[in-house]
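**Student:** Now for the letters of each chain:
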Amino acid sequence: SQQGEEDPQALSIQEGENATMNCSYKTSINNLQWYRQNSGRGLVHLILIRSNEREKHSGRLRVTLDTSKKSSSLLITASRAADTASYFCATPPAGANSKLTFGKGITLSVRP
Amino acid sequence: SAVISQKPSRDICQRGTSLTIQCQVDSQVTMMFWYRQQPGQSLTLIATANQGSEATYESGFVIDKFPISRPNLTFSTLTVSNMSPEDSSIYLCSGTGLAGGPPQYFGPGTRLTVL
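Chains as they are written, first to last, in the numbering used here: chain A, 890 to 1001; chain B, 2 to 116.
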């Protein structure tokens, strides 16, 4: 069953703008991870935030976690055409740190 | 980190036949997984590939349909048996590091089309 649900499902922005993607989940988690998938390729891990963290940064990425609302957001600042991809949030079930349940994904298009 | 390769990258198969997908990791990984990604959809976990023992399958997936082998810490195969058009998907393998925790490293996927 789907654990994470991202919104919006599709996002189209101009290069240089910021992109915000949201993810909601249903059960308690130890961590939440964001992955990127370029068209026709495998997934690349972007960032992990643990349940006791509220915000984390990595380069142009900023992720927040609100465990009371069971939601997370991924912000990509100063977007580039190369950021065009599908983005997934993923969570491991409690007690199974490796298995991942993926959300439906968000398709981000960055127009040059 | 780990670099994962898959063979074949894509294939077109006839219904009723079987296809074996190979997954090779350039370093030892503790956990290996197989996922299915149907067109335009998210990833669904098929099974955890266990070294030297039977794979652990998720609900809705069975060994007769998706036999999996993992003879060592760097290699695994997934067979899609008795294929039907509904099996047309991208199949991805992934692995974790030796510590077993996140992140997962993914192969590029195998795009399967069943006619």
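Derived by calculation from the structure, the hints in this document are not laboratory data.
Warning: the hint list may mix true and false statements.
[Said to hold, decoys possible] A short list of chain A residues far from chain B (calculated; beta carbon distances all over 12 Å):
hint	residue
1	E904
2	E906
3	N907
4	T909
5	S913
6	Q922
7	R930
8	H934
9	N941
10	V999
[Said to hold, decoys possible] On the chain A side, residues computed to face chain B include the following (Cβ under 8 Å):
hint	residue
11	N911
12	L932
13	A967
14	F977
15	K988
16	L989
Nothing here was measured: the structure is a model prediction, and the numbers come from that model.
Ideal Cβ placement from N, Cα and C applies to all residues, glycine included.
**Student:** Now tell me if each hint is right for this structure.
**Tutor:** Results for each hint:
1. Chain B leaves A:E904 outside its interface by the beta-carbon criterion, the shortest separation being 25 Å against a cut-off of 12 Å.
2. The beta carbon of A:E906 sits about 25 Å from the closest Cβ of chain B, which is more than 12 Å, so the claim that it is off the interface holds.
3. Non-interface status of A:N907 relative to chain B is upheld: no Cβ of that chain comes within 12 Å, the nearest being about 24 Å off.
4. In this structure A:T909 is separated from chain B by more than 12 Å, as the shortest Cβ-Cβ distance comes to about 20 Å.
5. A:S913, annotated as away from the interface, keeps every beta carbon of chain B farther than 12 Å; the closest lies near 14 Å.
6. Its beta-carbon lying about 6 Å from the closest one in chain B, A:Q922 breaks the requirement of being farther than 12 Å from that chain.
7. With 12 Å as the threshold on Cβ separation, the claim that A:R930 sits away from chain B is violated: the shortest Cβ distance comes to roughly 6 Å.
8. Not every Cβ of chain B is farther than 12 Å from the Cβ of A:H934; the closest lies at roughly 3 Å, contradicting the non-interface assignment.
9. Every C-beta of chain B lies more than 12 Å from that of A:N941, the closest at about 15 Å, which supports listing it as non-interface.
10. Distance check for A:V999 against chain B: the nearest CB is about 20 Å away, which clears 12 Å, and the non-interface claim stands.
11. This hint is violated: A:N911 has a C-beta 15 Å from the nearest C-beta of chain B, more than the 8 Å allowed.
12. Because the beta carbon of A:L932 sits about 4 Å from the nearest beta carbon in chain B, less than 8 Å, this interface hint is met.
13. Of the supplied interface hints, the one on A:A967 is violated, with its beta-carbon coming no nearer than about 24 Å to a beta-carbon of chain B, more than 8 Å.
14. Hint status for A:F977: holds, given a least beta-carbon distance of 6 Å to chain B, under 8 Å.
15. Below 8 Å, beta-carbon pairs count as interface contacts, and A:K988 has one with chain B at about 6 Å; its hint therefore holds.
16. The interface hint given for A:L989 holds, since its Cβ lies 6 Å from the closest Cβ of chain B, which is under the 8 Å cut-off.
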